[in-house]
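> Sequence:
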Amino acid sequence: ARHEGGSSSPFLLPLSNISHFDILKKMPQCIIGKYTVDKVEVGSGASCSVKSGKHRETGRRVAVKFYRKSGSANEAFERECCALRRVRHPHIIEIEEAITDQKSKNVIIQPFADHGDFLNHISEHGALGEELARAVVRKIAGALEACHERGIIHRDLKPENMLLDGGLNPKICDFGFSAISNFVEAEEKMNDANIFCSMKTKAGSLSYMAPEVCNGKQQTAAVDVWSLGVCAFIFVTGFPPYVEPTPNDYWFRTLTMNTKLFWMAHERHANFSSDFKNVIERLLCKDPKKRITLKELRQHKWMQTDCLSDEEMRQAFAARLKQSP
Numbered sequence: 001a002r003h004e005g006g007s008s009s010p011f012l013l014p015l016s017n018i019s020h021f022d023i024l025k026k027m028p029q030c031i032i033g034k035y036t037v038d039k040v041e042v043g044s045g046a047s048c049s050v051k052s053g054k055h056r057e058t059g060r061r062v063a064v065k066f067y068r069k070s071g072s073a074n075e076a077f078e079r080e081c082c083a084l085r086r087v088r089h090p091h092i093i094e095i096e097e098a099i100t101d102q103k104s105k106n107v108i109i110q111p112f113a114d115h116g117d118f119l120n121h122i123s124e125h126g127a128l129g130e131e132l133a134r135a136v137v138r139k140i141a142g143a144l145e146a147c148h149e150r151g152i153i154h155r156d157l158k159p160e161n162m163l164l165d166g167g168l169n170p171k172i173c174d175f176g177f178s179a180i181s182n183f184v185e186a187e188e189k190m191n192d193a194n195i196f197c198s199m200k201t202k203a204g205s206l207s208y209m210a211p212e213v214c215n216g217k218q219q220t221a222a223v224d225v226w227s228l229g230v231c232a233f234i235f236v237t238g239f240p241p242y243v244e245p246t247p248n249d250y251w252f253r254t255l256t257m258n259t260k261l262f263w264m265a266h267e268r269h270a271n272f273s274s275d276f277k278n279v280i281e282r283l284l285c286k287d288p289k290k291r292i293t294l295k296e297l298r299q300h301k302w303m304q305t306d307c308l309s310d311e312e313m314r315q316a317f318a319a320r321l322k323q324s325p
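Take the sequence shown: its letters are residues 1 to 325, numbered as in UniProt numbering.
Quick caveat, the hints were computed from the structure, so don't treat them as lab data.
These numbers come from a predicted model, not from an experiment.
Beta carbons are placed, not taken as given, at the ideal position from N, Cα and C, and that holds for glycine.
Some hints could be false.
Straight-line C-alpha distance at most 25 Å; calculated DSS-like pairs for lysine-lysine [claimed, not checked]:
1. K277 - K290
2. K286 - K217
3. K277 - K289
4. K34 - K51
5. K34 - K54
6. K260 - K290
7. K39 - K139
8. K51 - K105
Now the in silico label distances, taken between C-beta atoms and shown as ranges [stated by the list, open to error]:
9. G167 - C82: 23 to 33 Å
10. G216 - D306: 37 to 47 Å
11. C82 - K217: 18 to 28 Å
12. G116 - N278: 29 to 39 Å
13. K290 - S70: 32 to 42 Å
14. G216 - C307: 19 to 29 Å
With the hints as extra help, turn the sequences into a complete structure.
Have a look at this one:
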C-alpha cells in the first residue's frame, strides 16, 4: 500500500515529493565494518572507485576507495597502504583503515575531503594567483620532502591528487603509482636527490610526467619536483605550461630550448613575476641532475616572498569558496 506521509523515514516519504533517484541516493549501498557506504560514486581512477561513507556510530564522513579486481589494482592498493603507513604529514591524506569486504575487494578508508580536489577547485573558482599558489606549493613541497625522506616517490602528482579538506588545508593523496624503497633506517633520512626507483616503466599521468619518465630512463625523486613545477604553473595561471613532455609539443619544445619565447607566448594570457619565471624554469629543468631540489626550492626567492600565514591561506580559500562558480 502507498504510504501517505507521517513517518520520518526517508524511504516512506510521499512519492510526489521525492524522486526515485533521490531515494536511491539515500539508500546505503552496503555496510563495511564500521561504515555505511553511499551508492553514488564521488570519484574514480585507474585502479579504484571512490564513494562517500559514514562511520556508523559517530556519523563522521569518510572516503571509501574500492579497488578493482586485477593484479595492477592489487599492487596499487599495496603501494597506497605501504606509503601512507610509512609517512605521516599534515599535508598528506591519512589512511584510517585498510580492509577486504565480503566480495574480496580491497578497500581503503580515508578522511573525506569536503572541498574536493584542486583541479575542480580551479575549474570552478579560477586560478589561485601567485600569492595563494605559493602558500599551497610550500605545503605540498613540505609533504613531498617528508615522502622522500622515508624513501617514497609519489610519481603521480597532479591537481586531481591534491585535496582541500574541511579545514581548508591542501593534502596530497593517491599513492597507487608510488615507488617505495625496501627499507629506510629511521635515523638515516634520505636526500631527495639520491632516492631512486629500479623501475624504468612509465607511471603517472603523461602531462605531468618528467621527461626521464617518458623516455624510460632511471627515475629519482626529481620526477616529483618536475610534477610540482607543472602544478605550480597551473595554480598560478589556470592552464598547463605544455600539452605533453615530448619534442613534438610546441610548448614543451620552447620551454626546454627557448625559455624567452616560452614566456612571451604565455604572457599573452597571464602575467608572471620574474621570480616565478625563474622558479618554474628550475623546477622544469629537463636534466634531472640540474633540476632544483626541494631543499633548494625552500630557499628560492619566489618561495620566500610575501608568504601567507596558515590562517591567511585558509581565509583566502574560504573567500574563494563563497564566490559562485
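> Starting from the hint list further up, note which numbers the structure goes against and sort them upward.
7, 14
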